[in-house]
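Here are the chains, one letter per residue:
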Amino acid sequence: MKKYLIRTGTSVFLLFLMLTWNGCDSFNSLPLNIPFTLNVHVTGSDNTISNSSPLYCLNTDSQTYTEYRDKINSLHFVEAAYRTKNVFPQELSGNITVALQDGDGNSLFSYTIQGANPADYMAPNSPYILQLTQQQIDFINTHLNSLLNSGACFTAVITVDNISGGNPPYSVDGAIDMVIEADTDL
Amino acid sequence: MKKTLLLLTLFIFIAKPGFSQIEDRLAQLAQNNAENYIRPFATSLGTAMNSNGYYSADISTMISFSVSFRGMYILIPESQKTFTPTFDVAGYQSNKESATIYGDKGAAYAGPNGYIVMPPGINRSGIPVGYPQIGASFMGTEVILRYLPKVKIADNNDLSIFGLGVAHSISQYIPLFPLDLAVQLLYNNIEITGVMKLNNIAFNAHASKTIGLLTPYIGLQYENTSLDLNYTIKGEPQSGDPNLRTDQNISASVTGDNHFRATVGASLKLAVIVLNADFSLGSQPVAAGGLTFAF
Chain A
11 MKKYLIRTGT SVFLLFLMLT WNGCDSFNSL PLNIPFTLNV HVTGSDNTIS
61 NSSPLYCLNT DSQTYTEYRD KINSLHFVEA AYRTKNVFPQ ELSGNITVAL
111 QDGDGNSLFS YTIQGANPAD YMAPNSPYIL QLTQQQIDFI NTHLNSLLNS
161 GACFTAVITV DNISGGNPPY SVDGAIDMVI EADTDL
Chain B
740 MKKTLLLLTL FIFIAKPGFS QIEDRLAQLA QNNAENYIRP FATSLGTAMN
790 SNGYYSADIS TMISFSVSFR GMYILIPESQ KTFTPTFDVA GYQSNKESAT
840 IYGDKGAAYA GPNGYIVMPP GINRSGIPVG YPQIGASFMG TEVILRYLPK
890 VKIADNNDLS IFGLGVAHSI SQYIPLFPLD LAVQLLYNNI EITGVMKLNN
940 IAFNAHASKT IGLLTPYIGL QYENTSLDLN YTIKGEPQSG DPNLRTDQNI
990 SASVTGDNHF RATVGASLKL AVIVLNADFS LGSQPVAAGG LTFAF
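Protein chains in written order, with the working numbering: chain A, 11 to 196; chain B, 740 to 1034.
No lab work stands behind these hints, which were simulated from the structure alone.
Only a predicted model underlies this, so the values are computations on that prediction, with no experimental measurement involved.
We put the beta carbon where it would ideally sit given N, CA and C, even for glycine.
Errors might be hidden in some of the hints.
What the hints assert, rightly or not - When the alpha-carbon atoms are kept at most 25 angstroms apart in a straight line, the in silico DSS-like pairs for lysine-lysine are as follows:
| hint | chain 1 | residue 1 | chain 2 | residue 2 |
| --- | --- | --- | --- | --- |
| 1 | B | 820 | B | 936 |
| 2 | A | 81 | B | 973 |
| 3 | B | 1008 | A | 81 |
| 4 | B | 973 | B | 820 |
| 5 | B | 835 | B | 820 |
| 6 | B | 835 | B | 973 |
What the hints assert, rightly or not - Between beta-carbon pairs, the in silico distance windows are:
| hint | chain 1 | residue 1 | chain 2 | residue 2 | range |
| --- | --- | --- | --- | --- | --- |
| 7 | A | 130 | B | 901 | 30 to 40 angstroms |
| 8 | B | 967 | A | 157 | 38 to 48 angstroms |
| 9 | A | 61 | B | 965 | 51 to 61 angstroms |
| 10 | A | 130 | B | 987 | 44 to 54 angstroms |
| 11 | B | 926 | A | 96 | 51 to 61 angstroms |
| 12 | B | 1014 | A | 195 | 38 to 48 angstroms |
| 13 | B | 944 | A | 195 | 41 to 51 angstroms |
| 14 | A | 193 | B | 955 | 45 to 55 angstroms |
| 15 | B | 981 | A | 157 | 26 to 36 angstroms |
What the hints assert, rightly or not - Covered stretches of chain A (in silico footprint by chain B; criterion: 3 or more residues with CB under 8 angstroms from a CB of chain B, positions within the stretch not fixed):
| hint | region |
| --- | --- |
| 16 | 44 to 54 |
| 17 | 70 to 81 |
Same shape as in the complex, but just chain B (with noise of 0.2 angstroms):
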C-alpha cells in the first residue's frame, strides 16, 4: 500500500508541473501553431510509452510474473526545439522560426496589426519518464500491464494511464532456433479529462540470445502517436492576430514524428532481479533502463 501511495505521488509530481507549464505555454498560440509548437512532446510520450516493452524474447512457457519499473531518458534533437510558425493573418511573413514545447526564445513577428508572439519553450534537451509495469507469462506469451487510476492533478482534470502489450515467441516454434525471436504488440493511453488524450500503438519484432547471465537483444519497431488536445487561449488584445485577442477554447490534434525505431540492449539476470539497458534510434533517440522483479 505504501509503495502504492509513493508511486502515486511520484505520478502526480511529475504531472502536476509539466500540466500547468504545458497549458500556460498553449494559451498563447493559435491552433495551426499550436500543433507544431507541441508536436515534439506528443512524439516524446508516444516514445516513452513504446518504449521498454521487451527485454528478452526468451518468453517463459511457464507460469511466470514479473513487476518492473521502467525508467527512460528521451533526448530531443535541436531540429525539433523550432518550428517556423504559420499566420493566418495577412502581413505576417514566417521569416524565423520560434521555441516549440522544448525550444528555448518565443519568437515576436511584427506586421500590420501589430507583434504577434510566440511562447517561449521549457528549454530542454532531455526529459526522463519512468512508470511501474506489470506482467505475466504462459505458453510463450507475455501479457504487460501499465496502468495509473485516476488521479486528480487540478481542478475537473484527472490524469489516467493505461497500457497493454501482448508478446508472443515465435522461436518456439521454430526447433533449433540459434536466437530467441519473439514479437509484440503494444497499446497505450494517457488521458488528463478535459484537457488532453494520447494514443500509441506500436508492432515490434525482437531477437535476443542469453549468454550465461547475460542476454543481448534487438529490435525493429513500427509505432504511431496521436494526441488531441483542449486549450484555452489567454486573450492579449494588444496582440497583432485578432484571434488571439479573446479567450476561446480550442481543439487541436496532433500525430507524432515517432514511427519507426531500432533499439539495442543487454539484460542482465540476477535471480530473480532482472536489470536491463537499452538505447533506441528512431525520432527521439531515448537510453532506457528496467528493474524487474521476475517470479
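Chain A on its own, in the form it takes in the complex (with noise of 0.2 angstroms):
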C-alpha cells in the first residue's frame, strides 16, 4: 500500500510538472525583431531632387534574417522611420515624399512630410515615424511573406519638392529605418 501511494504520489506530481511545462508554446517560438536600413543619396539643383537607394535584400543583406531564415514561419511590419544623414544646404526645405518598392519596382507604400526642413530630422534630433495606413501595412506584409524564406527585397526613393531656402545644388543624405517581425521556431 506504501510503494503504492509512493509512486502514485510521484506520478501524478512528475505529469503535473511535465504538462505545465509541455504545454508552453512561449519556449518554442521567437518572435524576432529585425531592423535594416535604406540609404538615398539626393542631389541636383532643379526644384525637385529625387533618386533611389541600393536594392536591399534581406537574404543577402540582412544577417538576422538569413541566420534564422528557414526557421521563419511569418513576417510583418513594425515600424518605419526617415531621418537625414546630411543636408545641403542646411536651410533647404519642401515635401520630402519617402516611398517603398519592391524588388521589381512596385510601390508598397508613398508617405509625403508636407513642408518639412530636412536638417530637422537630423542628429540630434529624433527621426520622423511613418504613420502608414492599414492598407500601407498590408502591402508590406503580404510583399514579406510572398517572399519569405527567399528574400523580399526593397528599394526606396525619397524625392524632395517644392523647395526652397539656400541655393543650388542640393544634397540630401536620407535613410528609411524598418523594422520587421520574424515569428521563427526554435
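Assembling the complex is the task here: the two chains are given apart, and the hints tell you how they should meet.
This is how it looks when you write it as C-alpha cells:
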C-alpha cells in the first residue's frame, strides 16, 4: 500500500510538471525584431530632386534574417522612420516624399512630409516616424510573406519637391529605417 | 535507479528549452538592458529555490528522514513584464516600454543610427518549478538537501543544483508554548557552467499548530538572490547601437527583487505521507505544494 501511494504520488507530481512545461508554446517560438536601413543620396539643382537606394534584399543583406531564414513562419511590418544623415544647404526645406518599392519596382507605400526641413530629422534630433495606413502595412506584409524564405527585396525612393531655402546644388542624404518582426520556430 | 533517471530527465526537459530560449533573447541586448530584462527571471529562480522549505514548525527530536517533491507555480506580476530600456547611444529616447523575459513584444527605438530593437519575452504570467528534496531531523534540528549532479544540457554547458537548509525548533525551549515555532536558514545554488550562476540565501521564522491530521502554518522570510550571467551578443550590423553590431561576450550581474515574503499554508499528514500547500506573498507571489514521504 505504501509503495503504491508513493508511486502514484510521484507520478502525479511529475505529470503535473511535464504537462505545465510541455504546454508552453512560448518556449518553441521566437518573434525576432529585424532592423534594416535603406540609404538614399539625393542631389540636384532643380526645384524637385529625387533618387533611389540600392536594392536591399533580406537574404543577402540582413544577417539576422539569413541566420533564421529556414525557421521563419511569417514576417510582418513593425515600424518605419525617415531620418536625414546630411543636408546641404542646411536651410533647405520642401516636401519630403518617402516611398518604398518591392524588388520589381512596385509601390508598397508613399508617404509625404509636407513643408519639412530635412535638417529637423538629423542627429541629435529624432527621426520622423512614418504613420502608415493599414492598407500600406498590408502591402508590405504581403510582399514580405510572398517571399518568406527566399527573402524580400526593397528599394527606397526619396523625393524632395517644392524646394525653398538656400541655393543649389541641393543635397540630401536620407535613410529609411525599418523594423520587421520574424516569427521563428526554435 | 529508475526514479533517479526519471528525475534527471525531467530536469533536463525543463532546463534545455529554457536555457536556449533565454540565450537567444539575451543575444540581442547590451549589458545594461540585459540586466533589467532578465531581473524578473532571477527573481523567479530565487523565489522558487527559497520556497517550500517547511510545512510545519514541529521538528522531530527523534531521528527521522524524509523524501519530498516540491512543486510551485510562480505568478508574474504585470509590472515585471515590461521595463524601460536605457541607451548609451546619443539621440535615442527611452520613450516606451519593452518586454522583460516574461513580457510579450520587444519594442523598437528609432534614432540617429537606425533602429535599436529589443527582444520579445516568453509571454508568460506564471512559471511552474519543481525539484526533489531530502531531509533528516534529530533533536529539534532538520537538515534539508536539494541536489542535482552536473547534467549536460548543451555543448560545454552542465546544469547543477545544490541547496542546503537548516531548521531548528525554538518552541522546544519554551515550555507550554501553544504553537510550534522554528527558524530556518536556506542556501541554494544553481549553475549552468559558463552561462549563469545563481546564489540564494533565505532566513525565515515560521510557526505551526497541529490539530489532528492538519497543521496550519505561517512564516515570514527574508531572502536575497544574485545571478551572474555570461552571454554572447549575436551582432546585427544594421543595429542602431554600435555595441550590438558585432559578436561579443558579455558578463552581467543581477540582484533579484525578492527580499521579503509572508507565507500561509497547511499540511495534511496521512501515515508516512504529508501533503502541503501554501501561498507566499512577495515580489512574485507563489503557490507551492509538496508531497513528502516521512519515515
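The hints, checked one at a time:
Note on residue 820/B and residue 936/B: the hinted pairing holds, with a Cα-Cα distance of about 23 angstroms set against a maximum of 25 angstroms. Among the hinted pairs, residue 81/A with residue 973/B is consistent with the structure: their alpha-carbon atoms are about 17 angstroms apart, no more than 25 angstroms. Taking the CA atoms of residue 1008/B and residue 81/A, the gap is about 51 angstroms. The hint is violated against a cut of 25 angstroms. About 23 angstroms separates the Cα atoms of residue 973/B and residue 820/B, which keeps this hinted pair within 25 angstroms; it holds.
Of the supplied pair hints, the one linking residue 835/B and residue 820/B holds, its CA atoms being roughly 13 angstroms apart against a limit of 25 angstroms. Under the criterion of a C-alpha separation no larger than 25 angstroms, the hint pairing residue 835/B with residue 973/B is consistent with the structure, at around 24 angstroms. Between residue 130/A and residue 901/B the CB atoms are about 59 angstroms apart, so this pair departs from the stated range of 30 to 40 angstroms. The beta-carbon spacing between residue 967/B and residue 157/A, approximately 43 angstroms, falls within the hinted interval of 38 to 48 angstroms.
Between residue 61/A and residue 965/B, the C-beta spacing of about 54 angstroms keeps the proposed range 51 to 61 angstroms intact. At roughly 35 angstroms, the beta-carbon separation of residue 130/A and residue 987/B lies outside the given 44 to 54 angstroms, and the hint is violated. Checking the proposed 51 to 61 angstroms range against residue 926/B and residue 96/A shows it holds: the Cβ atoms sit about 59 angstroms from each other. For the pair residue 1014/B and residue 195/A, the supplied restraint of 38 to 48 angstroms holds, since their beta-carbon distance comes to about 39 angstroms.
With their beta carbons about 48 angstroms apart, residue 944/B and residue 195/A fall inside the hinted range of 41 to 51 angstroms. For residue 193/A paired with residue 955/B, a C-beta distance near 48 angstroms keeps the hint of 45 to 55 angstroms intact. About 30 angstroms separates the C-beta atoms of residue 981/B and residue 157/A, a value consistent with the hinted range of 26 to 36 angstroms. With a threshold of 8 angstroms between beta carbons, the proposed coverage of the region 44 to 54 of chain A by chain B holds, since 4 of its residues qualify and at least three are required.
Residues of the region 70 to 81 of chain A lying with their CB closer than 8 angstroms to a CB of chain B number 4, which satisfies the three-residue condition for coverage.
When the structure is compared with the earlier hints, violations turn up for hints 3, 7 and 10 and for no others.
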